[in-house]
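Please model the entire structure based on the sequences and the hints provided.
So the chains spell out like this:
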Amino acid sequence: MSEDLEFAFSLLLNGASIGLMYALIALGFVLVYKATDAINFAQGEFVMLAGLIVAMLLSFVGMPLIVAVVVTLAVMVGFGFGLERVVLRPLLGRPVVAVIMATIGLAAILRGVGPVVFGSETRALTLPIGDEPIVLGPASLPPIQVVGAVVAITLFLAFSWFFKKSRMGVAMRAVADNQQVAQAMGINVERYFALAWAMAGVVSALGGIVWGSMLGVDVHLALVGLKVFPVVILGGLDSIGGALVGGLIIGIVESLAAGYLDPYVGGGTKDFAPYVLMILVLMIRPYGIFGKRKIERV
Amino acid sequence: MFHRESGIFKTTYSADMALYPLPIAKWTVAILALIFVVIVPLTVHEYYLSILNLIFIAVVGALGLNILVGYTGQISIGHAAFMSVGAYTAANLAVRLDLPFWITLPAGGLMAAAIGVVVGMPSLRIKGLYLAIATLAGQLIIEWTINHVPAISGGAQASIQVERPSLFGVSFNTQGHLYFFLLFFAVLAIVATLNLVRSRIGRAFVAVRDQDIAAEIIGIDIYRYKLLAFAISSFYAGVCGVLYTYYFGIANYEQFQLIVSIDYLAMIIIGGLGSVLGSILGAVFVTLLPIVIRILMENVGSLFFTTAEMANVISGLRLGVFGGLIIFFLIVEPEGLNRLWRNIRSYFRVWPFSY
Numbered sequence: 001m002s003e004d005l006e007f008a009f010s011l012l013l014n015g016a017s018i019g020l021m022y023a024l025i026a027l028g029f030v031l032v033y034k035a036t037d038a039i040n041f042a043q044g045e046f047v048m049l050a051g052l053i054v055a056m057l058l059s060f061v062g063m064p065l066i067v068a069v070v071v072t073l074a075v076m077v078g079f080g081f082g083l084e085r086v087v088l089r090p091l092l093g094r095p096v097v098a099v100i101m102a103t104i105g106l107a108a109i110l111r112g113v114g115p116v117v118f119g120s121e122t123r124a125l126t127l128p129i130g131d132e133p134i135v136l137g138p139a140s141l142p143p144i145q146v147v148g149a150v151v152a153i154t155l156f157l158a159f160s161w162f163f164k165k166s167r168m169g170v171a172m173r174a175v176a177d178n179q180q181v182a183q184a185m186g187i188n189v190e191r192y193f194a195l196a197w198a199m200a201g202v203v204s205a206l207g208g209i210v211w212g213s214m215l216g217v218d219v220h221l222a223l224v225g226l227k228v229f230p231v232v233i234l235g236g237l238d239s240i241g242g243a244l245v246g247g248l249i250i251g252i253v254e255s256l257a258a259g260y261l262d263p264y265v266g267g268g269t270k271d272f273a274p275y276v277l278m279i280l281v282l283m284i285r286p287y288g289i290f291g292k293r294k295i296e297r298v
Numbered sequence: 299m300f301h302r303e304s305g306i307f308k309t310t311y312s313a314d315m316a317l318y319p320l321p322i323a324k325w326t327v328a329i330l331a332l333i334f335v336v337i338v339p340l341t342v343h344e345y346y347l348s349i350l351n352l353i354f355i356a357v358v359g360a361l362g363l364n365i366l367v368g369y370t371g372q373i374s375i376g377h378a379a380f381m382s383v384g385a386y387t388a389a390n391l392a393v394r395l396d397l398p399f400w401i402t403l404p405a406g407g408l409m410a411a412a413i414g415v416v417v418g419m420p421s422l423r424i425k426g427l428y429l430a431i432a433t434l435a436g437q438l439i440i441e442w443t444i445n446h447v448p449a450i451s452g453g454a455q456a457s458i459q460v461e462r463p464s465l466f467g468v469s470f471n472t473q474g475h476l477y478f479f480l481l482f483f484a485v486l487a488i489v490a491t492l493n494l495v496r497s498r499i500g501r502a503f504v505a506v507r508d509q510d511i512a513a514e515i516i517g518i519d520i521y522r523y524k525l526l527a528f529a530i531s532s533f534y535a536g537v538c539g540v541l542y543t544y545y546f547g548i549a550n551y552e553q554f555q556l557i558v559s560i561d562y563l564a565m566i567i568i569g570g571l572g573s574v575l576g577s578i579l580g581a582v583f584v585t586l587l588p589i590v591i592r593i594l595m596e597n598v599g600s601l602f603f604t605t606a607e608m609a610n611v612i613s614g615l616r617l618g619v620f621g622g623l624i625i626f627f628l629i630v631e632p633e634g635l636n637r638l639w640r641n642i643r644s645y646f647r648v649w650p651f652s653y
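Chains as they are written, first to last, in the working numbering: chain B, 1 to 298; chain Y, 299 to 653.
Just so you know, the hints here were simulated from the structure itself, not pulled from any lab data. We put the beta carbon where it would ideally sit given N, CA and C, even for glycine. A portion of the hints provided could be inaccurate.
Facing chain Y, from chain B, some residues (calculated, C-beta under 7 Å) [claimed, not checked]:
id	residue
1	Ala-108
2	Pro-115
3	Phe-118
4	Ser-120
5	Ile-279
6	Ile-284
7	Pro-286
What follows is the structure, given as structure tokens:
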């Protein structure tokens, strides 16, 4: 392979693995939107919260990693349930703007109070995977990106099975499709709303561990959440497969932009390109690649 | 505002839309003017004047955002970016071309309005959630551009020093001078908004908010009015940014980050969506809150935290309390402080002989 091709290949591989990690976080957003029609602007803060909890359990309490992960999962599930009960349920049936504002408020709370409770310094979150890069042909990946990609794909398969085959998953799809009809069929709609938020909690916990060990845990971890929007807009807000494809595309676009454009404009295209792509998608096909097109009636 | 007739006796539309609902309202306005123009600047200490000044600036921004979100129902999470557009436009004009404020201020507003229309363009096709995300992208892209283009941001620190404004050879250097400068623009913004919302345009905005497809069917050109709302709202934001620049003597992108957009959303939600008085109350509330928190923490918090931690704790708490208040008002009182004020007023309307 020529040098140019090798460079392109390593950019692609890196972008794809980062993209899968974006997809992991976007999954939490999609799950909530799919089931409850609520928009979670605090997804990044969920991830930050999970990261903070794991880091604290590991460093202060000194738990073994696996216990810390389990405890964090439990805490985030509880957080998801509680959140739905306290904040989202009173807002049922209110305009979409109200829910957006409420989750923005939630994001502000988590971002403000998190560092006060857990301390504002950056903590390392080390997973026992070493930091020897994994070599794939001409390119190499840090092991954490491989772990992140594997976790994302596993979760994607698990949720695909859940929504297609399991009883709860089918019920959840029914709720997403039409709340009133689902209720008439004897489905406890409120319980499935709570379940969706709890599932978002689980996904965020895993995302927090993966991203936290890559970037270090502090309040800036929440900024990862800003990348969720290009991913879900591109993929379609209510499509799990869309989150995965959107994540891959955004990751690759970001990586290619950083590789090929940065030398000309002096850096930072990585934070810029995804949003330009997103605006284009919003103008041309707002419901994304796999999203459901909504028709409004007066 | 403070007074109320004993019932509704209006028989014409023009009476219902009048700027002064009662003849006595003119006296209230006169008394308020007397208090703010004569009594306050003569009696109030410089420090409190500086807080009042910040409130005046916030009032301009909050009114603008309320026109867009509260009256037209188009959400924007990118309002701080429009402020930065105004701020940097004015700063560049003032420093490079040495222009006075009465040119830079409208120029900053117009520039922000132009950018606002561009960012608002997706609103022609999308709304609600999608528009929120599009304006969020607008905020991030504008922030990034200002940060990465030295021609706009004036170099490495991305900040431009600006002289204080002057008029007829008098420079507004002290807080007392700035007080009159900012008061003028706050009052101008309030009167302009009051007149806007009772005009044909204001009614069209409300129709678009309540149900845009229905509005289109009764003959309102919703695209025109949505873009107009973005333009007007961004103009206010741009002016607000210019005022911040003159107030601090520096244009700096850090004053216009995403978090500021959220502050302004908090103002109009806490104050009351779709209400001029609500915007003012919200601006007062949100400007005073961090000051109250700081004073509280300096007195009580020093028992729990070291001085080094204090700055972090205060900024964290401020953000947390804002978030909490947004959620609280959304759930408990969606119409905000304005509604609370109206409730109090209608209680006293028949007091003490309520049945």
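Item to check | Interface hint status, Ser-120 of chain B versus chain Y (Cβ within 7 Å) | outcome: Check passed: Cβ of Ser-120 of chain B comes within 5 Å of chain Y, closer than 7 Å.
Checklist entry - Does Ala-108 of chain B pass the interface check with chain Y, least Cβ-Cβ distance below 7 Å? => result Check passed: Cβ of Ala-108 of chain B comes within 3 Å of chain Y, closer than 7 Å.
Item to check | Restraint check, 7 Å cut-off on beta carbons, for Pro-115 of chain B near chain Y | outcome: This interface hint holds because 5 Å falls under the 7 Å limit.
Item to check | Ile-284 of chain B as an interface hint toward chain Y, with CB separation required under 7 Å | outcome: 9 Å, violated
Next on the checklist: Holds or violated: the hint that Phe-118 of chain B contacts chain Y, with Cβ atoms closer than 7 Å.
Outcome noted: 10 Å, violated
Next on the checklist: Let's test the interface hint: is any C-beta of chain Y closer than 7 Å to that of Ile-279 of chain B?
Outcome noted: 5 Å, holds
Item to check | Interface hint outcome for Pro-286 of chain B [beta carbon to chain Y under 7 Å] | outcome: 5 Å, holds
The structure is inconsistent with the numbered hints 3 and 6, although it conforms to all the rest.
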